[in-house]
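Trainee: According to mature numbering (1 follows the signal peptide of the UniProt record, and there is no 0), the stretch in the sequence shown is residues -20 to -1, 1 to 323, in order.
Everything labelled a hint here was simulated from the structure, so no lab data went into it. Each hint should be verified, as a subset may be incorrect.
[What the hints assert, rightly or not] Listed below are the simulated EDC-like cross-link pairs for lysine to aspartate or glutamate, each with C-alpha atoms no more than 16 angstroms apart in a straight line:
| hint | residue 1 | residue 2 |
| --- | --- | --- |
| 1 | K149 | E72 |
| 2 | K313 | E23 |
| 3 | K210 | D239 |
| 4 | K193 | D181 |
| 5 | K10 | E317 |
| 6 | K313 | D2 |
| 7 | K21 | D239 |
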Amino acid sequence: MRWMLMVLVLMLMLMTAGCAQDLSQLGPIKLSDEHKLTQPKLEYFGVAGFRLRWRDEAVVFDPFFSRPSPLQLLWLTPDVKRIKDGMPRTPEATMLLVGHAHYDHLLDVAWVLNHKTPNATFYGSRTAGHILRAEVSAEREFEDAEQKMAWLPGPNGPRPIAREDGWFKSKKGAFRAMPIQSSHAPNVTQIDLMGGSYQQDLKTLPKSFRNWKEGQTLAWLVDLLDENGKTVYRIHFQDSSSEEPYGFPPDPGDNRGIDVVILPVASWIQVKRYPQALIEATQPKLVVLCHWEDFFSGDPDDLKVLRGEKDEYALYRIVRTTLPQASQIVMPKPFSEIALPPL
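Produce the complete structure using the sequences and hints provided.
Mentor: Encoded structure:
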């Protein structure tokens, strides 16, 4: 009976979302496709996945390559070939950050930790940690990001408050990262299909998409530090559209602004004043739009627009009209690079 109900829910999702659309749905937006840029730079893996390298260290965000088809959502397994082909081996990565525990953000992370980022510590929610323990040994270090999470004292903000010791510092001192209490946008069906959390370690990775429970959703502040520990760049990253003021960057007390905001497109239409409110609060020099492409397709040579979304160009216009005139917007192709703004 349970499986029949899940199949019906899945069919409802697909009927609501419809088919993936070709790139003409982006209107006049020109996709960025840069390569061989000098550091510091972001390297986009697709969906919400990035690699950021700086001073012989690296941070990896939300690496996801498997892209199972809709019919595979009831029996999910990492696609090892796609992970091998897509994820570069990065022994210099000392931090792997994830925003929430849905399969399109966490499914490939255990394999990446075990085979591609052997020196990275995982930072995420308790639920994400409990899921990954199914495949990652107890000797591998995890950090419960909820313990240092900048917290929102009430639903009306004005924004989360940083904890006194709210930063995680990288092993070699090139980065520091602050988790922020955030929220996840509703599904296109207005039903939270993957809510909930886990309270203990799993013995196997979940098979059904329904059991990749969201846990606490996080946004992140990531600072690139110089040899003296001074912030050179500050990046705000989130992997889900969120309701204001959830996910907003707190004031760490240094009067330092935001240089780069990484914004997901997925489900943006489901959230009021997204992303306008966040852009008003941050006024960055660069906005990077991610999670814009159909993640049921694994072919980077046949890109499709995320199914179920309405007018990505409308989101682009909102960002453009809310940003300072000199600021830039980039919507990258998977496996392309994005230069950080000049200092």
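Trainee: All the hints need checking, so say for each whether the structure fits it.
Mentor: Now for the hints, and whether the structure bears them out:
At roughly 15 angstroms between alpha-carbon atoms, K149 and E72 fall within 16 angstroms of each other, so this suggested pair holds. A hinted pair counts as satisfied when its Cα atoms are at most 16 angstroms apart, and K313 with E23 qualifies at roughly 10 angstroms. Taking the CA atoms of K210 and D239, the gap is about 15 angstroms. The hint holds against a cut of 16 angstroms. Distance restraint check for K193 and D181: the Cα-Cα separation of roughly 13 angstroms lies within the 16 angstroms cut-off, and the hinted pair is therefore satisfied.
Distance hint between K10 and E317 is fulfilled; the C-alpha atoms sit about 15 angstroms from each other, no more than 16 angstroms. For the suggested pair K313 and D2, the alpha carbons sit about 14 angstroms apart, so the restraint of at most 16 angstroms is met. At roughly 13 angstroms between alpha-carbon atoms, K21 and D239 fall within 16 angstroms of each other, so this suggested pair holds.
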